[in-house]
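Chemist: Since the structure of chain A is already known, use the hints to place chain B on it.
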Amino acid sequence: MIFSLAWRNIIRNWHRSFVTIAAVATGLGALIFLWGFNDGVHNAMMRNLQQVIVGSIQIHHTDYFKKSSLSRNMQVTPELQKTLANVQDSGKIKALSWRLDTFALAAGDDVSEGLVLLGMDAKAEAKTTRIAQKVDQGRFLQTGDGAVCVLGATAARNLGVGLGDNVIFLTQDRFGALAADKFKLIGIISSGEMGIDRGLAIVPLDVLQNMLEMQGRYTRVVLQIEPENLEAVTTSLRASLNHKDYEVLRWYDMYPMMKQWVDLENAFYYIFLGVVLLIVAAGIMNTVLMSMLERVREFGVMMALGCSRRILASMVIVESVILGALGVLLGLTVGLTLVAWFHSVGIDLSAQMDTVARFYVDPIVYTEIDSNHLWQTAGSVMAAAIVAAFVPIWRVAKLQPVEAIHHV
Amino acid sequence: MRSNTSTARYNMQIQTPDWQRTIRFDAWDERIEKRFFIRVLAPRKEKGTAWLKSDKNLWMYLPKLERDIRIPASMMLSSWMGSDFTNDDLVKMDSVVADYNHRILSQDENSITIESTAKPDAPVVWGKIIHVVSNAGIPLSDDYYDEHGAHIRHLAFKEVQMMDGRRIPTLWVMQPLNDVGKKTLLKLEKATFDKSIPASVFTRANLRRAGKNR
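Chains as they are written, first to last, in this note's numbering: chain A, 1 to 408; chain B, 1 to 214.
These aren't lab readings, by the way, just hints derived from the structure by calculation.
There is no bait here: all hints are sound.
Here are the simulated BS3-like pairs of lysine-lysine, each with C-alpha atoms no more than 30 Å apart in a straight line:
# : chain 1 : residue 1 : chain 2 : residue 2
1 : A       : 127       : A       : 259
2 : A       : 182       : B       : 56
3 : B       : 128       : A       : 67
4 : A       : 182       : B       : 47
5 : B       : 64        : B       : 190
In this text the structure is predicted, and so the values were computed from the model without any measurement.
So that you can see chain A by itself, here it is in the shape it has in the complex (with noise of 0.2 Å):
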């Protein structure tokens, strides 16, 4: 009976509805959106960070990462080959490949500098990482190539090479004895990140194991994994292989900045969206406080005719909650069509990007939303429009029948 009652009252007066509806509604739908806005760019980030070339996950040699060696090496042994199988049969590995870096010096015609010389094998690059597609002068490595190299294109300027010339690369192999060769610049990378373009050259993966008597060897495999299987594969991996000889370090314990960064920026918005969570209670309040006011002497005329306050405290708190469903719903359906609109269409923010962020923020964000971000800023709106409805059912549950018949 209450939630017929309730019911007609709503649809009673639709137009008054209709704006309590539409100030929820409004105000989850703009939430959603910041959020998509939010999440977009934060996601967009680590998934550029992951993909250009650190990769989800690598596996090291134990202690590889903190101490590099080329003696910390690995080899493909079959106690490797088969835990990467079992995981690349489970379809949670997109891709993987074999890497092998170490420090070198790089001279030019006058210059020299010390930077990361990184052995990659372009067919498994390709499908792993999208580092060949940030070389925008020249090419990227291929099968076959002999010495070549590619440069980041602040260690190119710095060197003063241009393509076609030769770069030398000094360093020691395995067994500490001097290796130095000639590379032939082929491709200039320039991706915006600084570590990047200013300290790295990228080898073919064959001709720079003969280079430091490095056959066979390796210092990681790096993984491609996507974000929802990140944890379990980790733990997979861990379980399987030995401390002792390998260690698995996800893309956030390498390089634990961004993820940081990330959490942080969760942290203001978290403020930010309940400082605008309190504006929309306040814009429900206000609305669903007028309805109420309006309809005191009917609340009079109710209670002369014998109906509790009990019955009426309930009657407006089921409109209350009927209300903020409605408004979730549309809310939920507003938002989330927005988000879907801007995730395929994209927001572009080029004109106020400076060019150095574009490696990490793509300058058109393309908006999503975690779920567990959307569930709580649903449950959020749902619990204001309710929490707004405790003002008038207690005005409601303390007026006097003839005052309220009177009431103007």
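Modeler: Using the frame of chain A, we list chain B on its own:
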């Protein structure tokens, strides 16, 4: 040890848990002008590789590629030829006196312990060096500490012998403390002191020549 010029032949043995190798080289050193020249004699793969320090620059010559390369400041802390000595050890050999403040920590009947602390603005890599020198003026050991006071490496001077009229340690053992099982033994095979060295030795032209002659 203190001489204006020296010409010497060294045998450097690098020991690690995984491998071990020996490098022989000749060195010409001129203290006043702060310049030196090194030419590697063995192993064959590195034979003819040469190093020149002159005017605060460090150059290296690669016979295989017939090229000389200037070693940039950023590579100064990198290991020299895979050993536990760094490029900086070559370049800065003489700057300890000028760039550090010195005080005597202790003294007994055999030796003096001297603490050298880096001057605030000195362009040096070590925060503190502790030298132990015998009362006869022969160095016994050097301990290197970084700017945070962590003990990084220990250099011991051993096997004091007469060489060209001087009593000097002929074996230097460099022990890095953060790398278990690694050390470098630098043995002085022969040396002559205070014999003038032609200026043409310390030139880039000589670097390239060193590679071709051998």
